[in-house]
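There are 4 protein chains.
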Amino acid sequence: MIIVMKPNAADESIHSIIQYIEGNGLQAHLSKGTEVTIIGIVGDKSKLAAENIMSFKDVHKIVPVTESYKLSNKQFHPEPTTVKVGNTTIGPGTLTIMAGPCAVETREQLLSIAHAAKQGGANILRGGAYKPRTSPYAFQGLEEEGLAFMKIAQEETGLATICEVVSHEAINAAVKYVDMIQIGARNMQNFYLLKEAGRSGLPVLLKRGLCATIDEWLNAAEYIIAEGNPNVVLCERGIRTYETATRNTLDLSAVPVLKEKTHLPIIVDPSHSTGSYRYVPSMAKAAVACDADGLMIEIHNDPANALSDGPQSLTFKKFYKLCEELHPFAQLVGRKF
Amino acid sequence: MIIVMKPNAADESIHSIIQYIEGNGLQAHLSKGTEVTIIGIVGDKSKLAAENIMSFKDVHKIVPVTESYKLSNKQFHPEPTTVKVGNTTIGPGTLTIMAGPCAVETREQLLSIAHAAKQGGANILRGGAYKPRTSPYAFQGLEEEGLAFMKIAQEETGLATICEVVSHEAINAAVKYVDMIQIGARNMQNFYLLKEAGRSGLPVLLKRGLCATIDEWLNAAEYIIAEGNPNVVLCERGIRTYETATRNTLDLSAVPVLKEKTHLPIIVDPSHSTGSYRYVPSMAKAAVACDADGLMIEIHNDPANALSDGPQSLTFKKFYKLCEELHPFAQLVGRKF
Amino acid sequence: MIIVMKPNAADESIHSIIQYIEGNGLQAHLSKGTEVTIIGIVGDKSKLAAENIMSFKDVHKIVPVTESYKLSNKQFHPEPTTVKVGNTTIGPGTLTIMAGPCAVETREQLLSIAHAAKQGGANILRGGAYKPRTSPYAFQGLEEEGLAFMKIAQEETGLATICEVVSHEAINAAVKYVDMIQIGARNMQNFYLLKEAGRSGLPVLLKRGLCATIDEWLNAAEYIIAEGNPNVVLCERGIRTYETATRNTLDLSAVPVLKEKTHLPIIVDPSHSTGSYRYVPSMAKAAVACDADGLMIEIHNDPANALSDGPQSLTFKKFYKLCEELHPFAQLVGRKF
Amino acid sequence: MIIVMKPNAADESIHSIIQYIEGNGLQAHLSKGTEVTIIGIVGDKSKLAAENIMSFKDVHKIVPVTESYKLSNKQFHPEPTTVKVGNTTIGPGTLTIMAGPCAVETREQLLSIAHAAKQGGANILRGGAYKPRTSPYAFQGLEEEGLAFMKIAQEETGLATICEVVSHEAINAAVKYVDMIQIGARNMQNFYLLKEAGRSGLPVLLKRGLCATIDEWLNAAEYIIAEGNPNVVLCERGIRTYETATRNTLDLSAVPVLKEKTHLPIIVDPSHSTGSYRYVPSMAKAAVACDADGLMIEIHNDPANALSDGPQSLTFKKFYKLCEELHPFAQLVGRKF
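As given, the protein sequences belong to chains S, E, A and H, one line each in that order.
For the first sequence, the positions run 0 to 336 when numbering that gives the first Met the number 0 is used.
For the second sequence, the positions run 0 to 336 when numbering that gives the first Met the number 0 is used.
For the third sequence, the positions run 0 to 336 when numbering that gives the first Met the number 0 is used.
For the fourth sequence, the positions run 0 to 336 when numbering that gives the first Met the number 0 is used.
Any given hint could turn out to be false.
One copy or any two copies: either way a pair holds, since identical chains are not told apart in the list.
Claimed, not checked - With a Cα cut of at most 27 Å, we get these calculated DSS-like pairs of lysine-lysine:
id : residue 1 : residue 2
1  : LYS5      : LYS320
2  : LYS5      : LYS69
3  : LYS194    : LYS175
4  : LYS194    : LYS83
Because the hints were derived from the structure by calculation, they are not lab data.
If you're wondering where the values come from, they're calculated on a predicted model, not measured in any experiment.
Based on the provided sequences and hints, a complete structural model is requested.
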């Protein structure tokens, strides 16, 4: 933590900050320039809420110099992590394809889609049983019944499965039926749920919040890992910006940024980010080209009658075509699926 | 819902959409212009996921014409709502001042602050016992012990009390101790928690999510009211933008917009939005001038040693001064405190 | 400028940075912490493009410690500036009301509006003769003819006048007819135009760019002042965010932030920011309450037939009412109009 | 244009709008639903400023149904445009690589970089002679001298050349020396400059404004084409969001969106968008994978001593490596360079 004083800060102001730092058992490192004075804090910063120093006199700004996340930080864990999910893995060498419907609607619908997902080359089946919807009057999911269908689909196809969870109850149900749980964008800073997910024992896919910074996202991952669960996979799914031509703005630069900052795998969701099946193939290829560890793609047997997110779902035919097109790109970046 | 077709849309495309609409028990209203054809949907739109029509051929865009929230909608409830909280009310004629520390730290700290809040003229004491923090290593709150201190402060001062809740457990504890619960920005779309809050029986302060639109916010309120709890108060607390001179950007225009769209009271939090005690007085006055129903202000006996959000907390002296300055503004807009 | 090195940065990396700094005639100030090493740069930083140091090995980040604007900086000019415009002034003690049509349409329209502006209490008449419009097919303004009408209106009413300029030619014309020129949001970083405005000899109203930070805005002001023209007034007119309930998001917190950072007056435009006449009165009052030096308000004799921005224009009746309501607020903050 | 009335709008309100529309020589098409009434406007909408209808009584909202840009609109020009620049072309089948320094610094610097650009496989040399800089105290470019160096580089290497222009004078100079001019992000809505660029006779690269929507961008292109210059190429260079891990957020989804909306070629600038050479290769590959028509990449012989944007410039070695890696991606999408 560095404290930058205002030009012409009074000696008294500087002195009282140094006293405050030392009074908290830390060391202050003073550096007087021609224009400004800077005070560095040396020692275990968890001992004081350094941001409070902003309320001292003559302070211009405070600059953190180290990240608050440790377990998800590449600096302390340089090797990329591989996460095992059912009979597959997410990480180096693999291009993970998670495919499936936004919402599980019926047993028949799910099985039909699961077979298509497998045929295209997916290794994980996605399907929502608990749906966080903007309006209370929209379809909210089949809940445990939907999870049971996921289990059946897993047994029929051999695909690993993933479901979003939104509460303690949903986690308790999910552990009985699926191989991986997902924390959705709207719950990325539901810290209570993150801790529960950390204790669930299942690998966790952590979607980026709609307006979360990359640092906040890694801190959210830290909540899960700090509960003893190192199996966290990040999922970029678009951020909220002023542009309305797409549902959200896919922040694909987050992929190389994350590869620098963390050892956790990172997958990309071109369906939720763009909000339109027409843009999914382009963004899927772009994600593979910039070395994402996988993709999460919505597919549906009948998009026009989907209970949720029809407009962004690929038909089976379009999904097969995309998977074929993805193969040479995967090969170029040294990944298999 | 209006469907705007592409120029030169094929008759066949138009026909298949009409068939789809009518097949779902609704009526289609066709309007052919020189440039574009428009199809209106007439009837109970909850019968179909109209957004799916985007995946039909030759569709240019879909435009909703009615809001999905009903219970929080001023169109169906034109009179402004007054919410009773302990021995005070929030709504027309009153300027509600909620004041207190970001986090409850000790019994002594809280009582000292509660007395100052009362002395300044606050009618509700705020204090966090469950703190959602970006990092898992930051102070997370005293939990039930903190709630118990709030109860003591209420008994000592007569102030009504409000606490943020972050989980089912927190709600269960809060109902025993406080007069109002708060759903924080990060949980605004934690729909599970919204439903629980709706069933708690307590009035609910619903903070705006960091990147929530006003429509999403009113839909979140709808979740609470739909559970049978009409006592919802909205709190604007700044939205996330590119500007970093303030912690967030206070969207004060939301106040007149909300006064048009909803009957629910709306208060403003100048502390979290600006992130600096230096900007709190200006924004507090501006909020009163544009007819907000109240303010939520952080105050602290010792900002330099606050365990959370010290930089944005007012000292007692500054709080008293602000309250004095606010009185004539309150008078101008016909509100008392 | 402070350079924060990565943890475990090699001595060699640190050494090569110090060499680079000293090779550019500056001094490096080394500070080795337990976790990170920090290098401060002391001396006249204009001698090197310090941002380039990001491309050196083991550099974590670079933190500027001083602002690049000097002439607009309050640190070097603590007293608030008063800007003279025609027979009025903008600054302490005055609430400047600029009112008028978005676009000058006809002589009769302008004169009618000018008289209404004066009657309400405005001291400056605004009116656009050069209109930057999103589409090339929208009305682009009367150009010099419009300026001539402004001159007539000034002579008839005694009001000072302001017009937006968009080019060298427009500035050359404006100096013949009006008392103040305006640089619009879209040209805030048209540095060529800023320099021309600086050389025009007229006071300049500098609107904030749609996505300009406060620092970029003050740097833009610096361009004008650096040409020898200290008469710059800033105008907050809303920034672009994800929220669509208003045309833009009025960043009213910018007022107290600017009062800290600069000595220049700051006025607020509630018309362009909200985009609706319905929200103008609330935001006008809020702006006065938080101590803005003035307001820019669009009024029109016939909003339904305005050639530009009709929806956000007040009718004369609404403008008179607003001015009456503003008087007690102005009095509370010690300003007259 | 569709006008959506409020529920229970008075017949009188509806009638006065119809009268207004018909009074302007257009037809109104009324559609009464159970909940809301909708009025469509049929005819040449340029005859009235339809947005003004927002100020009529009982109007809920106004929805445009056609885009205001025509010449850049794919609906009226379905075939993709190929733009000739010097001895090369931008468009289908080609992967255009524009490479060069942010700023032209010296003749030697530019020639050295030009040769490297050519060796890597670039077909266009970029180099800034007029630099729009946030601070007036930063290096502003060599102006005409820099353009002359570009001419020399073109003659020595055979590469086509492109330079940013910021004023009428810069355009007048540029036409004597370079093959293509660039309108930078900050000038995207400098409509005066757009018109001048349209009249210059040279092909124009139009960068997206920092907070421009795709529709505003295409309207800006329309300004150029409307002056009789159809040779416009778009360049996505990142938009401003709340995320600070990268300089801006590259909106790669804009590529498929633009391929749908316009016939103009679209290239991607991974250097300015990410702001760091470390992220350039990933985003360059992603851009090619999603079928961009080209890339604009900053390279420098000595990034540490670059006068502008050193941190985002690739060294020659890194540029050669990237070009090699790009070849198989270009092949996959059917493009050559």
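Looking back at the numbered hints, which does the structure fail to meet, lowest number first?
-> Of the numbered hints, all hold.
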